[in-house]
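> Model the full assembly from the supplied sequences, consistent with the hints where possible.
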Amino acid sequence: MKLRKLLLSFLAVMTVTIVSVTTNKVYAKAESAGFTVSKVTPENQYREAAQFDIKVKPNSTQTLALEIKNSENDTKTIDVTPNDSYTNTNGIIVYDKTSVKKTPTEQYQFSDLISGKQEVVVGPKKTVKVTFNVKMPATSFSGIVLGGFNVQEKVIKEKSESKGIAITNRFAYVIQAVIRESNTDENPGPKITIGSTKVALNDLKKVSLQTKIQNVEPIVIGPATVKATIMAKGSTKVLYSKTMTPVTFAPNAEFDYALDLTKANLSAGKYNVHYVVTGNNKSWEATNPFTITAANVKSIKSDNNEAKPHATWLLWLIIGIIALLVLLVLFLLFIILKRRKKDKEEEKALENK
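Using UniProt numbering, the final residue of the sequence shown is 353, and nothing's skipped along the way.
One or more of the hints may lead you astray.
No more than 20 Å apart at the CA atoms, straight line, and that leaves these computed lysine to aspartate or glutamate pairs for EDC-like [to be verified]:
| # | residue 1 | residue 2 |
| --- | --- | --- |
| 1 | K135 | E43 |
| 2 | K212 | E153 |
| 3 | K237 | E285 |
| 4 | K129 | E72 |
| 5 | K39 | D79 |
| 6 | K198 | E67 |
| 7 | K212 | E285 |
| 8 | K117 | D79 |
| 9 | K126 | E67 |
| 10 | K242 | E285 |
| 11 | K117 | E153 |
| 12 | K57 | E43 |
| 13 | K39 | E153 |
| 14 | K39 | D96 |
| 15 | K69 | E119 |
| 16 | K206 | D260 |
| 17 | K242 | D203 |
| 18 | K227 | E285 |
| 19 | K125 | E72 |
| 20 | K298 | D203 |
| 21 | K154 | E119 |
| 22 | K39 | E67 |
| 23 | K101 | D203 |
| 24 | K125 | D79 |
| 25 | K57 | D112 |
| 26 | K97 | D256 |
| 27 | K55 | D185 |
| 28 | K198 | D260 |
Derived from the structure by calculation, the hints contain no laboratory data.
So, in structure tokens, the structure goes:
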């Protein structure tokens with residue numbers, strides 16, 4: 001019984017020790033956004049949804065309205081920004097830029113059709129309506145124009161507490177907006193083009209294959225799958241393969257696909273990369289040549305060396321504590337079992353007398 005108590009006490013002490021060693025002081029309040037946003041459904045809403053989806057006519061005008069409700073007891077200043085849609089490097093449609101470079105196949109962007117950013121002050125427990133003007137061009141278009149209202153509170157800077165870290169919070173909502181002039185069944189079919197491939201550094205400064213994959217139609221394509229297969233020039237033997245899914249293409253969006261070569265283990269030489277993009281019950285393929293130089297190989301090896309985990313003193317300390325804990329537990333269990341065995345043998349000896 002004493003050994004059992006000792007074991008439990010030791011476990012408790014070790015738990016506290018590990019928590020004490022690994023805990024850092026970082027203070028942040030557990031807050032919600034403190035406000036909500038909803039669309040005011042227009043009469044020409046094409047289908048029921050949380051976002052705007054309006055069917056309009058050429059050369060028409062109308063307004064789109066949002067209601068912002070402040071659920072807290074302080075006044076809030078809110079920025080409401082109509083942003084264009086695009087597909088980011090993670091393959092996700094986002095609405096975080098006020099201006100997105102127009103692609104060659106893009107006729108209109110959301111920012112072309114709607115009025116600009118507004119700043120709204122919402123009092124405590126109040127609801128404010130904010131409206132935007134939509135002006136359609138005289139020239140009609142097929143498919144859809146996709147954008148979003150980014151609704152974001154002004155920056156809040158928290159005061160540091162004790163020796164904690166000051167944290168800046170940003171709260172945001174996105175209300176999507178679809179503008180169309182025709183029914184869904186009248187939209188053009190999906191079409192993807194796969195551009196040429198170059199060897200360059202990606203956003204993380206790693207050597208990668210970079211290829212521009214474009215949705216050339218004004219519709220959403222996805223969720224799609226992008227598969228890349230690398231072979232030596234003149235060979236069909238697969239040296240490296242990577243699949244990215246899901247990828248969703250915004251209307252007329254260019255997706256900058258970067259294939260990290262850190263794990264491809266390629267030597268200097270000439271290669272082909274074969275792309276297959278699958279989505280909306282269709283597939284598109286392309287084979288592009290590329291060359292790996294000695295400088296590329298050196299950079300990739302350097303990246304691999306940097307990627308190897310370097311254990312810190314804290315990690316080694318935790319590993320050492322856990323190892324000692326395990327050994328002690330095993331030792332105590334051995335003592336307990338040995339004593340139980342001895343007690344049984346003594347009881348059996350007494351019974352035989």
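> Each hint: holds or not?
A quick look at each hint next to the structure:
{"no.": "1", "hint": "K135 to E43", "result": "holds, 16 Å"}
{"no.": "2", "hint": "K212 to E153", "result": "violated, 34 Å"}
{"no.": "3", "hint": "K237 to E285", "result": "holds, 18 Å"}
{"no.": "4", "hint": "K129 to E72", "result": "holds, 17 Å"}
{"no.": "5", "hint": "K39 to D79", "result": "holds, 16 Å"}
{"no.": "6", "hint": "K198 to E67", "result": "violated, 47 Å"}
{"no.": "7", "hint": "K212 to E285", "result": "holds, 13 Å"}
{"no.": "8", "hint": "K117 to D79", "result": "holds, 7 Å"}
{"no.": "9", "hint": "K126 to E67", "result": "holds, 10 Å"}
{"no.": "10", "hint": "K242 to E285", "result": "holds, 15 Å"}
{"no.": "11", "hint": "K117 to E153", "result": "holds, 13 Å"}
{"no.": "12", "hint": "K57 to E43", "result": "holds, 14 Å"}
{"no.": "13", "hint": "K39 to E153", "result": "holds, 17 Å"}
{"no.": "14", "hint": "K39 to D96", "result": "holds, 19 Å"}
{"no.": "15", "hint": "K69 to E119", "result": "holds, 14 Å"}
{"no.": "16", "hint": "K206 to D260", "result": "holds, 7 Å"}
{"no.": "17", "hint": "K242 to D203", "result": "holds, 18 Å"}
{"no.": "18", "hint": "K227 to E285", "result": "holds, 10 Å"}
{"no.": "19", "hint": "K125 to E72", "result": "holds, 6 Å"}
{"no.": "20", "hint": "K298 to D203", "result": "holds, 19 Å"}
{"no.": "21", "hint": "K154 to E119", "result": "holds, 10 Å"}
{"no.": "22", "hint": "K39 to E67", "result": "holds, 6 Å"}
{"no.": "23", "hint": "K101 to D203", "result": "holds, 19 Å"}
{"no.": "24", "hint": "K125 to D79", "result": "holds, 18 Å"}
{"no.": "25", "hint": "K57 to D112", "result": "holds, 16 Å"}
{"no.": "26", "hint": "K97 to D256", "result": "holds, 16 Å"}
{"no.": "27", "hint": "K55 to D185", "result": "holds, 13 Å"}
{"no.": "28", "hint": "K198 to D260", "result": "holds, 12 Å"}
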